Amino acid sequence: MKLVWKNVILGILVIGLAFGPLVFAHNAKFAGADDQAGEAISTIDANYQPWFKPLWEPPSGEIESFLFALQAALGSGMVFYYLGYVKGKHTAAKAKKG
Amino acid sequence: MKRNTVKLILLSIGYLAMVYLIWPDNVYAMHIMEGFLPFNWAAFWMAVMLPFVIWGMRSIRKTVSDSASLKMLLAMAGAFAFVLSAMKIPSVTGSCSHPTGVGLGAILFGPTPMTVLGMIVLIFQALLLAHGGLTTLGANTFSMAIVGPFVSYGIYKGLQKLRAPRWLSIFLAATLGDLMTYVTTSFQLALAFPDPSGGVWGSALKFMGIFAFTQVPLAISEGLLTVMVFNLLVAYSRNELIALSVFRADEWQKISPSKTEVKA
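Protein chains in written order, with numbering that gives the first Met the number 0: chain A, 0 to 97; chain B, 0 to 263.
Hints are computed from structural coordinates only; laboratory data are not their basis.
Don't take every hint at face value.
[Said to hold, decoys possible] Calculated cross-link-like contacts (lysine to aspartate or glutamate; reagent style DMTMM-like; alpha-carbon spacing at most 25 Å):
hint, chain 1, residue 1, chain 2, residue 2
1, A, LYS88, B, ASP65
2, B, LYS156, B, ASP249
3, A, LYS95, B, GLU239
4, B, LYS160, B, ASP65
5, A, LYS28, A, GLU61
6, A, LYS96, B, GLU239
7, B, LYS61, B, ASP194
8, A, LYS52, A, GLU63
9, A, LYS86, B, GLU239
10, A, LYS28, A, GLU56
11, A, LYS86, B, GLU250
12, A, LYS96, B, GLU250
13, A, LYS1, B, GLU239
14, A, LYS88, B, GLU250
15, B, LYS156, B, GLU250
16, B, LYS160, B, GLU239
17, A, LYS86, B, ASP65
18, A, LYS1, B, ASP249
19, B, LYS205, A, ASP44
20, B, LYS87, A, GLU63
21, A, LYS93, B, GLU250
22, B, LYS70, B, GLU239
23, B, LYS87, A, GLU61
24, A, LYS93, B, GLU239
25, A, LYS5, B, ASP249
26, A, LYS28, A, GLU63
27, B, LYS87, A, GLU56
28, A, LYS5, B, GLU239
29, A, LYS1, B, ASP194
30, B, LYS205, B, ASP194
31, A, LYS5, B, GLU250
32, B, LYS160, B, ASP249
33, A, LYS88, B, GLU239
34, B, LYS156, B, GLU239
Computed from a predicted structure; not experimentally measured.
Please construct the entire structure, taking both the sequences and the accompanying hints into account.
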């Protein structure tokens, strides 16, 4: 099987895994639910108080999603820059040979 | 083959049913938040982290000092962890978590370079996203950037020695590394917050139920994505992979560059 098709199939599996829960558990809230971490801890130790607060918090959900998108964009930018670069190099080397 | 498929489907259905029966509510699954580890534990994990960071920096310097192309590959491995950590993906438990993405780099460069790169990702998220935290940086680095990469690297090398197919070695290395990260997180929380009746174990099981089960589908996703990227690297970055001795010697012969057709 060609490399492209192998990766397409793997990609479809990943998409299925990511979106499947939205279909199966459509009643769930899918919260990032960082607050619920506190609840889980306080069921064990009711007196625990976090002793340090984040230095800075994104002022709104929009800003937060902007920063997460930025993180993903920077990361995937570098990943695909690299893959494009080595693929180009590979093709060029092959053209030179043949 | 057919019977295996049926088994797999039954297993998946069983898993889903179990998850819904036991955890019908939303649960969280991410890094330990700012201020949520008592001071002594925060300091302890910070101290555990430090030698690995130094080891990792030395290892990075050694790897990249003489090769620009390896430097670029390392940057790509770091970027892979960066993008995957930003992806909060819904899971069957009805909450979201994110993969770690450190398995790829661990397979390529060994575990400790990923300690450094993973820590950088965690610092970024702690400072700009209030996700994880500076006081919990040591603990989160230990789980995501020390335990995860070491598990991935160990599984990859072990399976390669057993002559498992390469795709399977990579898939299991990345998947189990990701999963063990969250198992570790559970134990870290359990040590700091032992259950009044069940003790550390009782508490660990509680946290593990939350963390590990949410993480299962995401860990599988990470395994698949790592295989995808690795397929491309085998096709286009073969020399770098050989330089890093990622392949077994006999495998190397099989896919030596004399074959012009790329087989992944």
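Holds or violated: LYS205 of chain B and ASP194 of chain B, Cα atoms, limit 25 Å.
holds (9 Å)
Is the Cα-Cα distance between LYS28 of chain A and GLU56 of chain A 25 Å or less?
Distance ~22 Å between LYS28 of chain A and GLU56 of chain A Cα, so the pair holds.
Check the hint pairing LYS93 of chain A with GLU250 of chain B against an upper bound of 25 Å on the C-alpha distance.
Within the cut-off at roughly 22 Å; holds.
25 Å limit on alpha-carbon distance, applied to hinted pair LYS70 of chain B and GLU239 of chain B
With a Cα-Cα distance of about 10 Å, the restraint between LYS70 of chain B and GLU239 of chain B holds, given a limit of 25 Å.
Need the status of pair LYS28 of chain A, GLU61 of chain A: alpha-carbon distance at most 25 Å?
Holds, because 18 Å separates the two Cα atoms, which is no more than 25 Å.
Pair hint outcome, LYS86 of chain A versus ASP65 of chain B [Cα-Cα no greater than 25 Å]:
It holds: about 22 Å lies between the C-alpha atoms, which stays within 25 Å.
Could you grab the alpha-carbon distance between LYS87 of chain B and GLU61 of chain A and see if it respects the 25 Å cut-off?
holds (15 Å)
Decide if the proposed pair is consistent with the structure: LYS5 of chain A and ASP249 of chain B, CA atoms, cutoff 25 Å inclusive.
Within the cut-off at roughly 24 Å; holds.
Under the criterion that the straight-line Cα-Cα distance not exceed 25 Å, is the pair LYS96 of chain A, GLU250 of chain B satisfied?
holds (24 Å)
Holds or violated: are the alpha carbons of LYS160 of chain B and GLU239 of chain B at most 25 Å from each other?
Since the Cα atoms of LYS160 of chain B and GLU239 of chain B sit roughly 21 Å apart, the hinted pair holds (cutoff 25 Å).
Assess, step by step, whether the Cα of LYS88 of chain A is no farther than 25 Å from the Cα of ASP65 of chain B, and give holds or violated.
Distance ~20 Å between LYS88 of chain A and ASP65 of chain B Cα, so the pair holds.
Between LYS87 of chain B and GLU63 of chain A, does the CA-CA distance stay at or below 25 Å?
holds (12 Å)
In this structure, the earlier hints numbered 4, 7, 29 are contradicted, and the remaining ones agree with it.
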